[in-house]
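Below are the chains, spelled out letter by letter.
There are 2 protein chains.
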Amino acid sequence: MSAPAKVEMESVESSLENLPPQDKTFVQKILYGDSFSAVEIPEAVRQMAAQNDFEVKAFKQHGVIPEQTRAPRIVRVGAIQNKIPVQPDAPIQEQLRALHERMAVLIQAAAGMGVNVVCLQEGWNIPFFMCTRERYPWCEMAESATNGPTVLFLQELARTYNMVIISPILERDEVHMNQIKNTAVVISNNGGIIGKHSKNHIPRVGDFNEASYYVEGTDGHPVFETAFGKIGIAICYGRHHPLNWQAFALNGAEMIFNPSATVAGLSEPLWGIEARNAAIANSVYTIGVNRVGCETYPNAFTSGNGTPAHKDFGWFFGSSYLAAPNGSRTPGLSRTHDGVLCTEIDLNLCRQCQDIWSFPMTGRHEMYAKLLTAYCRDDFVPQTVRDPSLPVAGRQQPQPAQAQASPVCK
Amino acid sequence: MSAPAKVEMESVESSLENLPPQDKTFVQKILYGDSFSAVEIPEAVRQMAAQNDFEVKAFKQHGVIPEQTRAPRIVRVGAIQNKIPVQPDAPIQEQLRALHERMAVLIQAAAGMGVNVVCLQEGWNIPFFMCTRERYPWCEMAESATNGPTVLFLQELARTYNMVIISPILERDEVHMNQIKNTAVVISNNGGIIGKHSKNHIPRVGDFNEASYYVEGTDGHPVFETAFGKIGIAICYGRHHPLNWQAFALNGAEMIFNPSATVAGLSEPLWGIEARNAAIANSVYTIGVNRVGCETYPNAFTSGNGTPAHKDFGWFFGSSYLAAPNGSRTPGLSRTHDGVLCTEIDLNLCRQCQDIWSFPMTGRHEMYAKLLTAYCRDDFVPQTVRDPSLPVAGRQQPQPAQAQASPVCK
Chain A
1035 MSAPAKVEME SVESSLENLP PQDKTFVQKI LYGDSFSAVE IPEAVRQMAA
1085 QNDFEVKAFK QHGVIPEQTR APRIVRVGAI QNKIPVQPDA PIQEQLRALH
1135 ERMAVLIQAA AGMGVNVVCL QEGWNIPFFM CTRERYPWCE MAESATNGPT
1185 VLFLQELART YNMVIISPIL ERDEVHMNQI KNTAVVISNN GGIIGKHSKN
1235 HIPRVGDFNE ASYYVEGTDG HPVFETAFGK IGIAICYGRH HPLNWQAFAL
1285 NGAEMIFNPS ATVAGLSEPL WGIEARNAAI ANSVYTIGVN RVGCETYPNA
1335 FTSGNGTPAH KDFGWFFGSS YLAAPNGSRT PGLSRTHDGV LCTEIDLNLC
1385 RQCQDIWSFP MTGRHEMYAK LLTAYCRDDF VPQTVRDPSL PVAGRQQPQP
1435 AQAQASPVCK
Chain B
1035 MSAPAKVEME SVESSLENLP PQDKTFVQKI LYGDSFSAVE IPEAVRQMAA
1085 QNDFEVKAFK QHGVIPEQTR APRIVRVGAI QNKIPVQPDA PIQEQLRALH
1135 ERMAVLIQAA AGMGVNVVCL QEGWNIPFFM CTRERYPWCE MAESATNGPT
1185 VLFLQELART YNMVIISPIL ERDEVHMNQI KNTAVVISNN GGIIGKHSKN
1235 HIPRVGDFNE ASYYVEGTDG HPVFETAFGK IGIAICYGRH HPLNWQAFAL
1285 NGAEMIFNPS ATVAGLSEPL WGIEARNAAI ANSVYTIGVN RVGCETYPNA
1335 FTSGNGTPAH KDFGWFFGSS YLAAPNGSRT PGLSRTHDGV LCTEIDLNLC
1385 RQCQDIWSFP MTGRHEMYAK LLTAYCRDDF VPQTVRDPSL PVAGRQQPQP
1435 AQAQASPVCK
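Line by line, the protein sequences are chains A and B.
With the working numbering applied, the first sequence corresponds to residues 1035 to 1444, in that order.
With the working numbering applied, the second sequence corresponds to residues 1035 to 1444, in that order.
Derived from the structure by calculation, the hints contain no laboratory data.
There's no promise every hint is true.
As the list makes no split between identical chains, a pair holds if one copy fits it or if it spans any two.
Claimed, not checked - In silico DSS-like links for lysine-lysine, alpha-carbon gap of 27 Å or less:
no.	residue 1	residue 2
1	LYS1404	LYS1040
2	LYS1094	LYS1345
3	LYS1117	LYS1404
4	LYS1117	LYS1345
5	LYS1345	LYS1063
6	LYS1063	LYS1040
7	LYS1117	LYS1063
8	LYS1404	LYS1058
9	LYS1040	LYS1345
10	LYS1404	LYS1063
11	LYS1404	LYS1345
12	LYS1404	LYS1094
13	LYS1058	LYS1345
14	LYS1117	LYS1040
This one's a predicted model, so the numbers in the text were calculated from it and none came from an experiment.
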């Protein structure tokens, strides 16, 4: 397995540990809020992590108001990020077997921390081969969401650990002409399948050539009511569309998971922003789960950005985290290692934030329903007010910065 | 003027300067992206800032692709944050005079850096008295958006400096029964008034009792086409609603300003998230402009959070910044001082990001128009899929974390 030549930094959080104490306290509070503190990891889990080279982090939430008519609704939420254990040129059955073996250990660690609901990364049953634009052998790895090997494997674990498992896979939909789909399967803590949801927004950016493999989901924004809360799943690129998150919230989600596969060169400065903004705007918990590591393909492919063809995907930067409706977030898992994140939260905070911030009351949904409806018409006319002193013909180029006042930069 | 007892930290950026070099480079790149670098401030402006106790910062953007059919559309965008120069118990005419005098200096500094479009903070013509729930004397400070003293004052400066000025004021609408409004007036670089826009989303949170003074704007999401680009204005609390930003973008905005007045205890961890997320999601520039300092009122007021009545608003934390459609942002102005931020940008990046990220193509606006329309009906039924193994009656409380696996925290 080829690692990239450069040494990857571990995480922003690790680097911030090197700040002087007063700066560290201040910066952490502004960058992460102050709702989460680290809690001890059980010894057995720590040993398992050390022996199997993965990271474990656990946090607990503070500051949720005790209510008089509702008991706290405590849930331990898990996020698992992992490298592909063998590279994409291995026989596909070997790849799948290695993925399952690795995941069995990671989920066992989650169970050891008492996780109730866990989300795996996008397309966890495949290498993320859509960069290649090639079909075979990897299209063979797409599998049934109801009785494929991966769902069967996880149903057993869900039952064993009394854990709801969100399993984002590459799906083969045999009922619809063998279409390939990007689908999250929601498995009940009793091992049953509650349902599935297919990715609503398909990327056309950089190496993410996924529109060549599957199309937009048609199942809307289902929210899955589980024993441990109401769950929505905004898959990967859907996190860039605020309405995708909002739609799950309008349907009652309390937690929205964002299983992803995204790389440092493309989106790393965005990663801490988008899921967290969605948590704030929608008074929900959001959980970003991202792949980690580097995947190398046998045939070179191009990225459509003028650079030479290459065989690797760059660096999936992990950094999975949970954000709360009050804007606080946990530190992330590392950028470099497989990891299991466990966060204990109280779902009651969602309604408390709705009450305190008043977003459901101030959202003016009717105004936006009308605007979006108008926008979709071919004769949509944007609402613009043009400076009457501008020249009539065409659209004016902005004037250059004023000469008299231009010493700032050349 | 009473300052809060504690010493306020200057900014996250200042604290990050204390990191070891390798950590600093890494953290800054992830937290801010890598599109902006500081540029030299003209000596005359530096002197003006030192003599008048305000901060000046200037940045220039990198990495915008040179196009073959469009010249770069370079604009220098300014943001001005300031304390109220005299406290709210001074005679209101003295307060207004002091505000105008201060602003004349700050705008002169912006002109000295070549700013083409500048945005002032929310309600810059008033102390932010809505915390008090009292009317007088401050309601008297609301003024006409067409011929009040503040717009007349700024029209002159706009002409003098060839600068578009966005002036968010407390407006007195004499045409509509003297209603008070929270309005941004857009003044052309030739001194004319291009138009105005009133706040779409009115806060009901904490000390922000603004719904007692004015109601939601009814003018939609106008985009003002100026000599220096197309401008939308999402006033303050509107930044919490992603659709508010999106509506300006659907109407063609290239820059969306967010003049604000928000305090550290309420929203500081959110401040770096929301405007920046809007820049990313909508392929636009966004500019957050926030008040700074502490305002103290003669009569104590309560905050509705169980704490005792008090006379001050907490700390307006400034931290004004600009975010680009590629997710990069500038460092912010300080949390402690008046300041002028100047950022040179190329508006061509908006369309480039639309092309590269494909959000306009992948937005599925029709699906959301339908959902929002349905949501507004009284008979809306959320799309939920309930685990069939859950008890039928009522809604189940999530089970507590499993006993066998609960050693993480008590």
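Against the structure, the hints come out as follows:
Taking the shortest alpha-carbon separations for LYS1404 and LYS1040, neither the intra-copy value of 51 Å nor the inter-copy value of 48 Å comes in at or below 27 Å. For a Cα distance limit of 27 Å, the shortest separation of LYS1094 from LYS1345 qualifies neither inside one copy, at 41 Å, nor across copies, at 35 Å. When the C-alpha separation of LYS1117 and LYS1404 is checked against a cutoff of 27 Å, the pair qualifies neither within a copy, at 45 Å, nor between copies, at 39 Å. Only within a single protomer do LYS1117 and LYS1345 lie at most 27 Å apart by alpha-carbon distance; the minimum there is 17 Å, versus 55 Å between protomers.
In this assembly of identical chains, LYS1345 and LYS1063 lie within 27 Å of each other by CA distance solely across copies; the values are 25 Å between and 41 Å within a copy. In this assembly of identical chains, LYS1063 and LYS1040 lie within 27 Å of each other by CA distance solely across copies; the values are 16 Å between and 31 Å within a copy. Taking CA atoms no more than 27 Å apart as the test, LYS1117 paired with LYS1063 passes between copies only; the shortest distance there is 24 Å, against 31 Å inside one copy. For a Cα distance limit of 27 Å, the shortest separation of LYS1404 from LYS1058 qualifies neither inside one copy, at 46 Å, nor across copies, at 46 Å.
In the homo-oligomer, the alpha carbons of LYS1040 and LYS1345 lie at most 27 Å apart inside one protomer (16 Å), although the nearest pairing across protomers, at 55 Å, exceeds that limit. Proximity of LYS1404 and LYS1063 under a CA criterion of 27 Å is satisfied in neither setting, with 39 Å inside one chain copy and 40 Å between copies. Proximity of LYS1404 and LYS1345 under a CA criterion of 27 Å is satisfied in neither setting, with 47 Å inside one chain copy and 42 Å between copies. When the C-alpha separation of LYS1404 and LYS1094 is checked against a cutoff of 27 Å, the pair qualifies neither within a copy, at 42 Å, nor between copies, at 39 Å.
For the identical chains of this complex, LYS1058 and LYS1345 are neighbours neither inside a copy (40 Å) nor across copies (31 Å), given an alpha-carbon limit of 27 Å. In this assembly of identical chains, LYS1117 and LYS1040 lie within 27 Å of each other by CA distance solely inside one copy; the values are 17 Å within and 46 Å between copies.
This entry does not satisfy hints 1, 2, 3, 8, 10, 11, 12 and 13, going by the numbered hints stated previously.
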